[in-house]
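Peer 1: Quick note on the numbering used here: the sequence shown kicks off at 97 and runs consecutively.
What the hints contain is simulated information worked out from the structure, not anything from laboratory work. Hints are supplied without guarantee of correctness; some may be wrong.
Heads up, simulated DSSO-like pairs for lysine-lysine below, C-alpha to C-alpha not over 30 Å straight-line [to be verified]:
1. Lys235 / Lys254
2. Lys113 / Lys182
3. Lys157 / Lys254
4. Lys182 / Lys394
5. Lys157 / Lys335
6. Lys157 / Lys182
7. Lys254 / Lys282
8. Lys235 / Lys157
9. Lys335 / Lys113
10. Lys254 / Lys113
11. Lys215 / Lys309
12. Lys309 / Lys182
Here are the in silico distance ranges between beta carbons for each label pair [stated by the list, open to error]:
13. Glu323 / Asn366: 21 to 29 Å
14. Ser322 / Glu283: 52 to 60 Å
15. Leu276 / Arg393: 44 to 52 Å
By construction, the Cβ of each residue, glycine as well, lies at the ideal position given by its N, Cα and C atoms.
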Amino acid sequence: MRITRSLAFQAGSKEEKLPYDTPDFPYIASRAELDFYREFLVPWHWHNAIELFYMESGALKYDTPHETLVFPTGSAGMVNANVLHKTRPLSHNERNIQLLHIFDPQLLAGNHGSLIEQKYISPIVTASRIELIALRPDKPEQAAVIASIREAFSLSEKELGYEFKIREALSQIWIQLFRLCTPLLKEKPQTGGRAADKVKGMMAYIHTHYAEKITIPELAEAAFLSERECYRVFQTYLKMTPVDYIRSYRIQIACRLLAESHIPVTEVGNACGMENASYFGKVFREATGFTPLQYRRKWQNRNIK
Numbered sequence: 097m098r099i100t101r102s103l104a105f106q107a108g109s110k111e112e113k114l115p116y117d118t119p120d121f122p123y124i125a126s127r128a129e130l131d132f133y134r135e136f137l138v139p140w141h142w143h144n145a146i147e148l149f150y151m152e153s154g155a156l157k158y159d160t161p162h163e164t165l166v167f168p169t170g171s172a173g174m175v176n177a178n179v180l181h182k183t184r185p186l187s188h189n190e191r192n193i194q195l196l197h198i199f200d201p202q203l204l205a206g207n208h209g210s211l212i213e214q215k216y217i218s219p220i221v222t223a224s225r226i227e228l229i230a231l232r233p234d235k236p237e238q239a240a241v242i243a244s245i246r247e248a249f250s251l252s253e254k255e256l257g258y259e260f261k262i263r264e265a266l267s268q269i270w271i272q273l274f275r276l277c278t279p280l281l282k283e284k285p286q287t288g289g290r291a292a293d294k295v296k297g298m299m300a301y302i303h304t305h306y307a308e309k310i311t312i313p314e315l316a317e318a319a320f321l322s323e324r325e326c327y328r329v330f331q332t333y334l335k336m337t338p339v340d341y342i343r344s345y346r347i348q349i350a351c352r353l354l355a356e357s358h359i360p361v362t363e364v365g366n367a368c369g370m371e372n373a374s375y376f377g378k379v380f381r382e383a384t385g386f387t388p389l390q391y392r393r394k395w396q397n398r399n400i401k
């Protein structure tokens with residue numbers, strides 16, 4: 097099982113870069129040690145893979161455009177493909193550890209257009225109502241799915257036929273989830289799929305130009321939106337204004353530079369588009385609870401241990 101303490105993203109985007117061992121078998125088993133994430137959260141991102149997870153310890157808050165749920169120890173869940181989401185560990189009394197199965201839907205569907213894809217995969221993957229599924233151990237039917245998710249982590253990559261076994265295990269889990277999702281599939285779809293693509297496009301623009309001055313008219317124009325629509329889709333999908341998102345992304349970059357380099361603090365602010373040193377120090381402390389220098393010492397000392 098891969099140990100994960102940070103995420104990698106596609107260039108110029110916030111689509112997660114998934115380190116599959118081989119593109120011929122798009123599956124990862126991951127142990128996310130969330131207390132080591134340098135921004136103290138997993139920022140807004142998406143991926144075209146399904147994310148099945150189990151909370152081994154601690155507690156984790158998930159946000160999607162239309163859901164906010166907390167997952168304590170022993171609970172599990174699923175994030176649908178291409179859904180914007182972010183997470184924040186909540187527990188201060190125990191380590192926040194999450195086990196994840198991450199896989200491309202085609203691993204189960206087989207060929208594009210197959211009967212399995214049409215009948216079982218696409219109805220869920222394309223359902224705008226299904227962003228995030230919570231599974232609670234106090235509900236028998238959901239507890240059975242949680243048990244299946246946990247048991248699949250016990251499969252060894254060294255075993256003969258591992259790929260067959262993990263795909264079979266994920267297929268059984270998927271059927272269980274399909275039964276649970278059936279009522280949601282009958283509901284009226286949520287609108288706004290195009291707007292979700294627009295906000296992803298504006299996020300990508302910010303990730304490319306964060307070191308420069310970004311104006312709201314420029315950002316809106318990049319997505320062919322009015323300024324009013326720009327504000328609306330950010331508030332709807334990310335629960336923040338465009339200005340707040342630009343600032344938060346710059347802080348994420350600053351965290352990485354402070355932890356992984358010896359660039360002077362003033363130059364870190366400049367590199368992140370915050371040329372005023374006092375302003376950079378102020379917003380960094382508001383976001384992280386540390387001055388830039390304190391943050392650097394905390395993480396670089398931690399890396400030495």
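Peer 1: I'd like to know which numbered hints this structure contradicts. Please list them from smallest to largest.
Peer 2: 1, 3, 7, 11, 14
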